[in-house]
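Asks: Each chain, letter by letter, is given below.
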Amino acid sequence: MAAGQSTRRRAIILLVLTSIILITLDLQNSSAISGLRSVFGVVFRPIESTTRVITRPASNIWNGIVNYNNVLDDNDRLREKIAQQEGATIAAAASVRLSQELLALNGLPTLAGINAVTAQVIGDSPSNFSQTIEINQGSESGIRVGMPVLNAAGLVGKITKVSTDRSVVMLITDPDFALSIKVVNAPRQATTTTIARSNAAVPSPVVPVEPDANSDSATVASTTTTTTTTTIAGFTPSVTTLPAAPSGVSSITVPLASDLAVRETGVIEGRGPTRQPTVRFISNALRFGDIQTGVPIVTAGGSRSLSPPDILVGTVSRVVERVGSAGPVLEIELVADLSNLSFLRVLLYQPITEKVAP
Amino acid sequence: MSSRWSRLVLVMLFVIALQTTLFADLRPFGVAAQLVLLFVIASGVNHGVAIGAMTGLIAGLMYDFVLPTPVGLVSLVLGLAGATAGLLIYFFRQPTLWMKVVAIAVCSVLGEIYYPLAQAVVGIDGWLQLRLIKVVIVVAICNVIFSPIAILLSRWTLADRKLTV
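Chains as they are written, first to last, in this note's numbering: chain A, 1 to 358; chain B, 1 to 165.
I should point out that these hints are in silico values taken from the structure, not numbers from a laboratory.
Hints should not be assumed to be uniformly reliable.
As the list claims (entries may be wrong) - Covered stretches of chain B (chain A as the covering partner; in silico rule of three or more C-beta atoms under 8 Å from a C-beta of chain A):
(1) 6 to 16
(2) 29 to 42
(3) 64 to 77
(4) 113 to 122
(5) 142 to 153
Just so you know, even glycine gets a beta-carbon here, dropped at the ideal spot from N, CA and C.
Starting from the given sequences, assemble the full structure and let the hints guide the process.
Replies: Listed below in structure tokens is the structure:
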């Protein structure tokens, strides 16, 4: 009896020490731990898949009971939303195409040039203390740790663990999530300047256009063509090149430097499932001006960022001013609904600093 | 001795599979019931401090490999939870089922508090929030509901059957 107790005590001490050593190794990103995870995954995945198939009806019954009314409400709301957005989508698609063409012409990176893998969400986090989901694509599809994950609305999270045919996505709301972003603040004024050229060699004088305070749109008229540019709060007014008139006259709408949307970079950090993520380290510079609620937050990109630039993340829902020179903290309302994810897109993007030379 | 621990490993594979599939989907009030924690606490309540701690350490180590947190963290947390469960019952000569159920509820609350505390110790901050109150209440209620099954399962799994020839 005493010998049995002594053996158990030794076993407990051994297991505790093993756990501490494993924690230390894992925090150092040891490859041995990744190998152990993979080995366990090989044994565990078939059991998990079988259990998933067997328990699916029980999950469906539960979801049917608990979420039925929500699904009906969502259906009604979404039908209404689709009707509202059908027209806007066509205009938006044209703008996006134009924007991508302009970026490509200037040799700037666009999201259209990045390959993506579509994946299905196959599981939530089993723990109450991590905001992760599992998707059904892995390293076989070219997915690597750190790649950004999107849904139709915008950024959802990033890949944190990859196995052969599965990956774990850390959601933006996880307190461990951090990503550099840009806050696109709205310009203080809404004046535009029209440059009319009779031909390329002879520039015409600059003609200022009076700001239209009662309207959100600026209208540029020429003798041959009329173009209406809708200004979305917080976005840079698009530069539109009109087709050349028969006489060779073209017109370009150029916003003044002071009218351009001002961008500042910061870091978005998750704060758990019940609290909105925040953006910190926004310097309270004069050029930035007052941050308005509703301005968009997009990824910053850059050679060290894990995400390409200009993926929509969310909008500012609240500005919390701080005393001193620390700058405000922004609370962000995410565009993606993280509580209801089914199909996701993993951008096969790696920053230049992460790419392995062939 | 070896047969109960090899049986534990096999049973835990299915318990963890249930946790990552069915119980990750069924989230009353947005909280996932913690089946692995329940099994470990039931083991501690049934078999005492040492067996509870060992079950927690082994089950936690297996559970660690499917969680995104550092490997070894859940092992320590569940080991502590199993030992706590054994300690709560230690002072009663023949605990009744109801005493065991109450001990399971108390240890479920403690186990769910140990986890974010352990995360904070290794530098994973941000989980000690007011939401924790809701989480521990829901987990405790779920564990109380499933406790009779867990007690039976852990009793069967960890029964000390000597192999005779």
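Asks: Hints first: check each against the structure and report whether it holds.
Replies: Hints, one by one, checked against the model:
no., hint, verdict
1, 6 to 16, "holds (count 3)"
2, 29 to 42, "holds (count 4)"
3, 64 to 77, "holds (count 12)"
4, 113 to 122, "holds (count 4)"
5, 142 to 153, "violated (count 0)"
Violated hint: 5 only; the structure is consistent with all others.
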